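J.: These protein sequence lines map, in sequence, to chains D and C.
Residue numbering for the first sequence follows our numbering, starting at 43 and increasing by one per position.
Residue numbering for the second sequence follows our numbering, starting at 262 and increasing by one per position.
Accuracy of the hints is not assured; some may be wrong.
[Claimed, not checked] Some, not all, of what chain C presents toward chain D, calculated at C-beta under 8 Å:
hint	residue
1	Lys268
2	Arg282
3	Val383
[What the hints assert, rightly or not] Over 12 Å on every C-beta distance to chain C, these chain D residues come out as not near it, computed from the model:
hint	residue
4	Gln87
5	Pro95
6	Glu121
7	Pro132
8	Asp153
Because the hints were derived from the structure by calculation, they are not lab data.
Note that the coordinates shown come from a computational prediction; the quantities given were computed from them, not determined experimentally.
No residue lacks a Cβ here, since even glycine has one placed at the ideal position from N, Cα and C.
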Amino acid sequence: MHEMGICQSILDASFEAAEAEGATRIKEIRISVGELTEVVDFALQFAFESLSPGTLAEGGKLVVNRIPAKSRCPSCGTEFEHDRFETTCPECGNPFNENIAGRELLIDSVDVEKDD
Amino acid sequence: MEIDLSKPILDRNERLAEENRRVFDEKGVFVLDLMASPGAGKTSTILATIDALRDRYGIAVIEGDIASKVDAEKISAHGIPAVQINTGGACHLESDMIQRAISALDLDEIDLLIIENVGNLVCPTEFNLGENAKVMILSVPEGHDKPYKYPNIFEISEAVILNKYDTVSVFDFDEDDFRSVVGKLNPRAPIFPISATKGDGVSAWTEWLAGRIDAARASAEEV
């Protein structure tokens, strides 16, 4: 259940950004989570529902963009998407490839409202 | 109104990890983050590692547990400085905890700092602590199928220790299957079968570790 700590970090960064803009409400927080992380959407949403009430994010949404795993083959230069267990280069069969996507844990943007 | 942030969710931990890294580099300390399930033999492996390397390197240990001081006491009884971190329920260590723990250590006397993470195969994987290497232990009784169930820890570890190897025939552990799936998840990671309490296989692991420590030192001297 490290999602609780991850969600708190998401909220802290969102509050900081929202307060800097003088926002009164956070409508939506957009994050990107790579397929190679072990961060579970359900647990993140549960954490968001538990941690957001009474804050600027109360009633807001957490939108998760999942990013597929991708590697680059250093021998032939091919970039390819793959699952966890089959990371061999599909072009030349090299098993030692450089991961270039799928480990993301990023906060992309925060959609806020201001009182005029 | 949309505010673009585009930053790591664990930004604060990453920044503190970099600060730790700078301190360790400055003091010439090689840091190992050792991860495993509860009961896999982290503390026994650390004790065996200490016995093998204590004549060559100054060693200290940070023990991460939810509660109690039992592990730090075991290490201290071995004559090695040990700091216990109690996370009070948290399932992994974070960089700020390490920052507090190292204030209790004399880093000038330390070449190798071993961090025993909280027993868990999932959560410690996402948190950098400022270490040079993450290494994991799987123990034979846990079963050869664990890499299918907890792939991330096998992917990010630079080496995999297979502990309690003396029980391999008792537990119906399919070593070929284990090696094959670890090889797919992380083709570069060496696998070290050991029996930490009996000492079998430990030297292959500790020589690998010594090689990493010496290589880190050599590259620091070049700078």
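J.: Indicate, hint by hint, whether the structure satisfies it.
T.: Here is how each hint holds up against the structure:
1. Lys268: holds (6 Å)
2. Arg282: At about 19 Å, which exceeds the 8 Å cut-off, the nearest Cβ of chain D leaves the hint on C:Arg282 violated.
3. Val383: holds (5 Å)
4. Gln87: The claim holds: D:Gln87 sits with its nearest Cβ about 15 Å from chain C, beyond 12 Å.
5. Pro95: Holds, because the least Cβ-Cβ distance between D:Pro95 and chain C comes to about 21 Å, which exceeds 12 Å.
6. Glu121: Given a closest Cβ separation of 18 Å, the condition holds.
7. Pro132: holds (14 Å)
8. Asp153: Given that some Cβ of chain C is not farther than 12 Å from that of D:Asp153, nearest at about 5 Å, it is violated.
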